[in-house]
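My request is simple: use the sequences and hints to build the entire structure.
4 protein chains.
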Amino acid sequence: MRKIIIGVMGPGERAREDHVRNAFELGRLIAQEGWVTLTGGRNAGVMEAASLGAKEAGGLTLGILPTRDRNLISVAVDIPIITDMGSARNNINALTSDLIIACGLGTGTASEVALALKANTPVILLTENEEGKRFFKALKPKLVFIAKEPSEAIQMAKEILSP
Amino acid sequence: MRKIIIGVMGPGERAREDHVRNAFELGRLIAQEGWVTLTGGRNAGVMEAASLGAKEAGGLTLGILPTRDRNLISVAVDIPIITDMGSARNNINALTSDLIIACGLGTGTASEVALALKANTPVILLTENEEGKRFFKALKPKLVFIAKEPSEAIQMAKEILSP
Amino acid sequence: MRKIIIGVMGPGERAREDHVRNAFELGRLIAQEGWVTLTGGRNAGVMEAASLGAKEAGGLTLGILPTRDRNLISVAVDIPIITDMGSARNNINALTSDLIIACGLGTGTASEVALALKANTPVILLTENEEGKRFFKALKPKLVFIAKEPSEAIQMAKEILSP
Amino acid sequence: MRKIIIGVMGPGERAREDHVRNAFELGRLIAQEGWVTLTGGRNAGVMEAASLGAKEAGGLTLGILPTRDRNLISVAVDIPIITDMGSARNNINALTSDLIIACGLGTGTASEVALALKANTPVILLTENEEGKRFFKALKPKLVFIAKEPSEAIQMAKEILSP
Chain A
1 MRKIIIGVMG
11 PGERAREDHV
21 RNAFELGRLI
31 AQEGWVTLTG
41 GRNAGVMEAA
51 SLGAKEAGGL
61 TLGILPTRDR
71 NLISVAVDIP
81 IITDMGSARN
91 NINALTSDLI
101 IACGLGTGTA
111 SEVALALKAN
121 TPVILLTENE
131 EGKRFFKALK
141 PKLVFIAKEP
151 SEAIQMAKEI
161 LSP
Chain B
1 MRKIIIGVMG
11 PGERAREDHV
21 RNAFELGRLI
31 AQEGWVTLTG
41 GRNAGVMEAA
51 SLGAKEAGGL
61 TLGILPTRDR
71 NLISVAVDIP
81 IITDMGSARN
91 NINALTSDLI
101 IACGLGTGTA
111 SEVALALKAN
121 TPVILLTENE
131 EGKRFFKALK
141 PKLVFIAKEP
151 SEAIQMAKEI
161 LSP
Chain C
1 MRKIIIGVMG
11 PGERAREDHV
21 RNAFELGRLI
31 AQEGWVTLTG
41 GRNAGVMEAA
51 SLGAKEAGGL
61 TLGILPTRDR
71 NLISVAVDIP
81 IITDMGSARN
91 NINALTSDLI
101 IACGLGTGTA
111 SEVALALKAN
121 TPVILLTENE
131 EGKRFFKALK
141 PKLVFIAKEP
151 SEAIQMAKEI
161 LSP
Chain D
1 MRKIIIGVMG
11 PGERAREDHV
21 RNAFELGRLI
31 AQEGWVTLTG
41 GRNAGVMEAA
51 SLGAKEAGGL
61 TLGILPTRDR
71 NLISVAVDIP
81 IITDMGSARN
91 NINALTSDLI
101 IACGLGTGTA
111 SEVALALKAN
121 TPVILLTENE
131 EGKRFFKALK
141 PKLVFIAKEP
151 SEAIQMAKEI
161 LSP
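Protein chains in written order, with the working numbering: chain A, 1 to 163; chain B, 1 to 163; chain C, 1 to 163; chain D, 1 to 163.
Where hints are given, some of them may not hold.
It does not matter which identical chain is used: a pair holds within one copy or between any two.
Said to hold, decoys possible - Result set (DSS-like, lysine-lysine): computed pairs, CA atoms no more than 30 Å apart in a straight line:
| id | residue 1 | residue 2 |
| --- | --- | --- |
| 1 | Lys148 | Lys137 |
| 2 | Lys158 | Lys148 |
| 3 | Lys133 | Lys148 |
| 4 | Lys3 | Lys55 |
| 5 | Lys158 | Lys55 |
Since the hints were made in silico from the structure, they are not lab data.
Spelled out as structure tokens, the structure:
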């Protein structure tokens, strides 16, 4: 009866406003499905927005933190996992999530998408980055899905994860 | 309103029966306090027993897994964090737990105790290993506590963690 | 007087023959410059070829190994660093290298390119993957360079690394 | 023809003067055997002293760095491996070394000794810490050796590592 864990990945401080809005909505919808929301755990950008959205809908939130600095943990993270291993923790995000949704495609997020695909974790891309969508879709056509908005991403996730 | 996380550390396959019994009881008591139980996540020894005890009392269980092999995850783990980083994950246990209780002192557990002390995480030792108790107590007198049984360990934990 | 470390990244077992040939030639040229060759350390594909090329030219070779299995270490690796942390070790490759040359763009290599760019490590792409070149070049225009063959990549590396 | 790697472990800033002297002498003797010296890589305490000793005798030095801060790397490290994973890198020290010599037994060093023993890496203790020697010797009698001075430790290492 293990709960499904959905990773919402995306930039911190430099996140675009539309990615932050999408992340909040994703967190809300993930929680409504009874799924756990996993993020990078910090109090910034996509990470914070997804966690806040999940809490608003009464969900459980995991944060996989890159540093030991407890001031950087989002208040919306229920369970902070302190790795203190910088971007090497991106692989934990990729391995722990049953599915990853990428809000944007900065360097950190791109590494998480690539690591997820290496680990055979499905990825849904929610981004305006056309080169990125083309690159990752060509790399692993069966594991990469492209959504236009949060509700479509969640609908896709339900189909991908259905037994 | 973040929940308190208690790490219960101890051997897997080679755990002694009394350590396994202690771990089950610790899990139960941790859950009764409303705390989260963190273990190494595998379906063996102290890890499994602590998770089972916590679930019996309705608690939440985290498992920080050393490998990607999903067959090795205890059924009593609610949230498996897949690190795939072997014993390097012991540092995540040490950093993520608000307090660690060691059931026994094998090599892996000893590394977790040492890493916890390095990170200023308090440690309660529940072991017959007299050399180990003497060594760690001398190393960090203010962070190392020695208990004789699970109920005493939990009482100590409450005092250590009270603000 | 620290030596320059060049990471040659690329697939293992599934490497294309042209990438393997390029990797061997890169190792040879890196050694001729007096630089250290860093790879993923295994006895397969691009990793092995780059190490063999470097040794043929008398260079020093580092291998950052993902597992503890010593049978998987290339004989051409002088210094095997055993991480036992799977793909999380890709971030060590990205941080330790002064510059990375990617032979091909599989999922593991793409993660190393992304992690390198996040860490501000320059990257030279030596691949036929047009989508990948377009994506990464757009992501970090000043850190991503595109070469057609090994000799051109080494020429670029000299310019990028010159003080 | 892979070179033997000896890890010299011990405290940084808080190292005792006799441990620092021992570490320098160990580095010198390791280099004279043609072995590689591995340390935590920082410019402090036992790490720096072992690296300086090894360089004085013309040896090769590896540093497994816990952070990305390049100002903290000892000038005596030939090959800095940048892990950015804090104390989780202690497991890389334990796995990569053919044998570990501990100068002192602080919390970090104790974790490295425990992780080495878990990985079946032999350990030589060079410390006045009697509780520590008793604890680790009882834990793994066949893997733990106790030396009184650097020359004795190197003599022991030669015997342990002889085929």
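Q) Among the hints numbered above, which are violated by the structure, and what are their numbers in rising order? A) The structure breaks none of the hints.
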